[in-house]
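Colleague: Please build the complete structure, drawing on both the sequences and the hints.
Top to bottom, those sequences are chains R and W.
At position 9 of the first sequence the residue is numbered 9 (our numbering), and the sequence of numbers has no breaks.
At position 259 of the second sequence the residue is numbered 259 (our numbering), and the sequence of numbers has no breaks.
Calculated from the structure, these hints are not laboratory results.
Each hint should be verified, as a subset may be incorrect.
What the hints assert, rightly or not - Below are the DSSO-like pairs computed for lysine-lysine, each with C-alpha atoms no more than 27 Å apart in a straight line: (1) 98/W x 227/R; (2) 20/W x 309/R; (3) 400/R x 174/R; (4) 20/W x 233/R; (5) 134/W x 309/R; (6) 229/R x 20/W; (7) 679/R x 105/R; (8) 174/R x 309/R.
If you're wondering where the values come from, they're calculated on a predicted model, not measured in any experiment.
Next come the chains, spelled out residue by residue.
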Amino acid sequence: MEYLKKYPKLFQWLFLLIVFFALCFAIDVPETYKFIRGQAEFVKDPNQSVYFFLGKEVRYYAFDVFWRLPPLLGWLPIWINDSLFFLMNEWMPMEFWNEDTQEFKTRPLLLEISRNLTSFMTFLIELIREILLGGLETIVAFTSWDFIDAYPWLELPGLPWTIVAAGAAILSYKLSGKGLALFAGLTMIYISIFGQWKPSMQTLSFILVAAPLSFIFGLGLGIAAYKSKRVEKALYPILLVMQTMPQYAVLVPALVLFGVGDHAAVIITMVVAVPPMILLTILGLRAIPPEVIEAGRMSGCTNWQLMFKVLIPTARRDILIGVNQVIMVCFSMAVISAFIGAKGLGFNLLLALNQLNIGLALEAGLCISLIAILLDKMSLAWANKQTDYFGNLTFFQRNKNVIFFAVSFVIGIIFAYVGTFIFKGSFNYLFEIPHNKGISTADFWNRGVDWIFDTFFVYIKAFNTWLIQDVLQPMRALYLRMPAVATLVLAVGAGYLIGGIRSALVVAALTLFIALSPWWDRALVTLYMATFGVVISCLIGFTVGTLCFQNKKSAAFMLGVCDIFQTFPSFVYLIPVMMLFGITDTSVLIAVIVYATIPATRYTIEGLRSVPVGLHEAATMSGVNKFQRLTKIEFPLAFPHMMLGLNQTIVFALFMVIIGAFIGTEDLGQYILKALSDKNGAGIGLTLGICVAFIGLIFDNLIRTWVGKRKKHLGID
Amino acid sequence: MSETVIKCESVYKIFGENAKKMLEESNGNVDAKTFQERGCIVGVNNASFEVAKGEMLVVMGLSGSGKSTLLRCISRLTDATGGKIFIEGQDLLELNNKELIELRRNKMGMVFQSFALLPHKTVVENIAFPLQIKGTNTEESISRAMEMVKLVGLDGRENYFPRELSGGQQQRVGIARSLAVEPDIWFLDEPFSALDPLIRKEMQDEFLRLQEKLQKTIMFITHDFDEALKLADRIAIMKDGIIEQLDTPANIVLNPATEYVRKFTEEVPREKVLIIEDVMDASSTDNLGDLKVSKDEIIENVAEKILTQEKLVGVVDSNNNIVGSIKPSKIIDTVFGARKNGS
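Modeller: So this is what it looks like as structure tokens:
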């Protein structure tokens, strides 16, 4: 009884667990139950039950409601699909003038908007692509094919790679200094001589369109949310869901709305890249000291002047960090968008992975990683760069970067011209190195992979079998063995114990959505993979973080490593694991672990670092040893921050599990991948994406609520 | 007294929902406690006063006393919940946004505790900022800003960024910026509170020198009673949103209106605050000795001279007319006597 009074929370949790397990044992597995491999709503089976809702027929396998809830939301994907179809093809038909046929044509409004948007985006991408690579689409867009036939010299020649490389180096020098300039130059040279120039420039042109547009929209919406509480409240749930929604899942509706190709990818990239920009804009504007705003107003600023002359310049750094985020999201989307036909590095990578040509994939992946690091470092350098006074500099000093670029431009053109004489009859290597003419190390890597397989096959196989048979399969079976009601009770109970009624209700709503969707089993598989990944990641991350924290240098080094790894688009992680473990669940899980360990490590170090110096000194003066200091002072204080790390780890793990579907898993991601190649997939893809997002949000809600309370309790903020 | 520039009539500022309604219901009898129970926080409670042209009113109070809120009501950075505020006869609360901007661009300048400089602009650009906002062309605004740079003694640093300056230097920029448009009314919100004691004293002297030259109408906020005594023509002491006493420094020291005010005055060295006029005897002008002192002299400066006298010392005004007398023993009373009562 005394213990009960002393640790009431502990007993509440114990009680919850007892109820959970009691439910698990009380509710038996129905005899007819089996894991459904096909998609229930498309397989006609006499054993299925059927119900109609809003005119939609929903088929499903019925079980005891305690075991699995019936998919009462099964109509939602079908309904979303039909609505989209209706909006695109039937809603608001209007007369539109058609340039080509010179007559009015009746078309649905949304379709016309989508077409116009699409052609505008295509034009922008082509324009930049042709500046970088050459071509004639842009000229044709303004004139006609006949015109270009008559004047063939009008075709854009494209920039020689030497000029682009010099440009990148000079820009890096201006933003950061010699180190980054060297890195930029080497990266560009690497890309070029390894024959990755064309896909790289295609990807770059994609980013050059998507990033500025996302920036403008994000900044605009961020300002609107800063100024009006109502806008912020309206945006908040969308921002929240978008943060945990796998980028993969948003591709599917884009397919329906905008079709296949770069343009659709750009538009959908904006949908993903705008939310972080909005968040950082709001954050930056909120962080401005109120006195600066008052100073602006006392200077007699109008609202417009206040925003653009005082607020935005003052919040410059946060806004530019937003730009950094936008660029990185755009880049990772540029890779993933290969699934809906965007050209570039992602496409090559996807192709290589599909052919199991690991060497080629590795080259493309390295290229992607180098560009990612370069873009990240450049945009961060821009954010951290402080304006300098240049009024007293000479004309040359002020414009030296422009002059250098002009000089290298001329030199590049001369080189390219000279190249036409040197490489007569073959390819002009000083202009552009074609894809198949660069150096390729693919064979070397492929042989390496073969060698690894030949040499270590037995061990890898043994490890694989052990992991799958003795760990993963039982774990999966356990997760699937949970009756839906028991899971609900556990989730809601946890919500109530952590955050009271409010949290319980939020968690209940999120869980119910998943439980009532047709994919509860799939969600459980996703959850099991994510849990496995998160547990191992946290073990590694917390240990590595704690060890690295013992020394200032190693801590800084580790944070740097985390920074670099975090810039890689998630897709890249699949390459090395496929190289070593082939196409198995093990590969996916190892990719998940590697990817999710980044935030776990980073937040551990950051959390331990944030313990105030005064406390360290106080502890030392009370005579604690290193171990005591760690357990008695640093861990308790850093724990809330480490829990935020856990939150991020879960989100990262979910992302990777979903992307892992590419290798072949049986979770929600598999269906998302399927939906991509299904013309009726939009509704399914979106609903699946929301399901994944909700799994993330359940944990997000619980962890954040707990951290908030804990921080308040400890008096840290 | 010359013309009134700032005039407040029963100004209230109450934070919270329904503040306006609750104020109306209370009929001007605002009790902070009952308001707080209903979720409202009283910032300024029934403030009425006037500031004359060229006068420096120092509002003194501890943190949370509502002094900054009062200043923000008068500069209309926040809207007062009730009462009337007149700036040169104009009803401030009736102004529309455009008129308010005009007023701020031409009549008002403000200095902030944390300097509030724009981090992306140089010293001279920061100072030129209000002018450029107003629409003055670049050349003119920069040359005007350069004059201000000289005025506050920052020549040679005009192209520095705020991050490259010390606190005192940053506040000089803040002062120069607030003066760039040549405002008539100058608001200073704890301008020297964030500075080191030595720099603070230096800045106070500098400020007095500037004010002697410029003769602005000033509202100066501080939590430092010594600073208030040193600078003020009149001091308003605030507590919990209420102005406890508004008077000249001498009167506040000699006749504190409330217990709260008296606590502040206890430790104040009177000889540094009071002038001869405050302690002289205006009725007896006979039997004077040879020594004459000016009535505006601070006691500390002439105490030694007076104390060596045996006869009454004559007090003269600026035209050298005798207006009163002072006994040497009165000086001793003033310096030591009051302290005895106080403690």
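Colleague: All hints are to be evaluated individually against the structure, with a verdict given for each.
Modeller: Cross-check of the supplied hints:
no., hint, result
1, 98/W x 227/R, "holds, 19 Å"
2, 20/W x 309/R, "violated, 34 Å"
3, 400/R x 174/R, "holds, 10 Å"
4, 20/W x 233/R, "holds, 26 Å"
5, 134/W x 309/R, "holds, 13 Å"
6, 229/R x 20/W, "holds, 21 Å"
7, 679/R x 105/R, "holds, 26 Å"
8, 174/R x 309/R, "holds, 24 Å"
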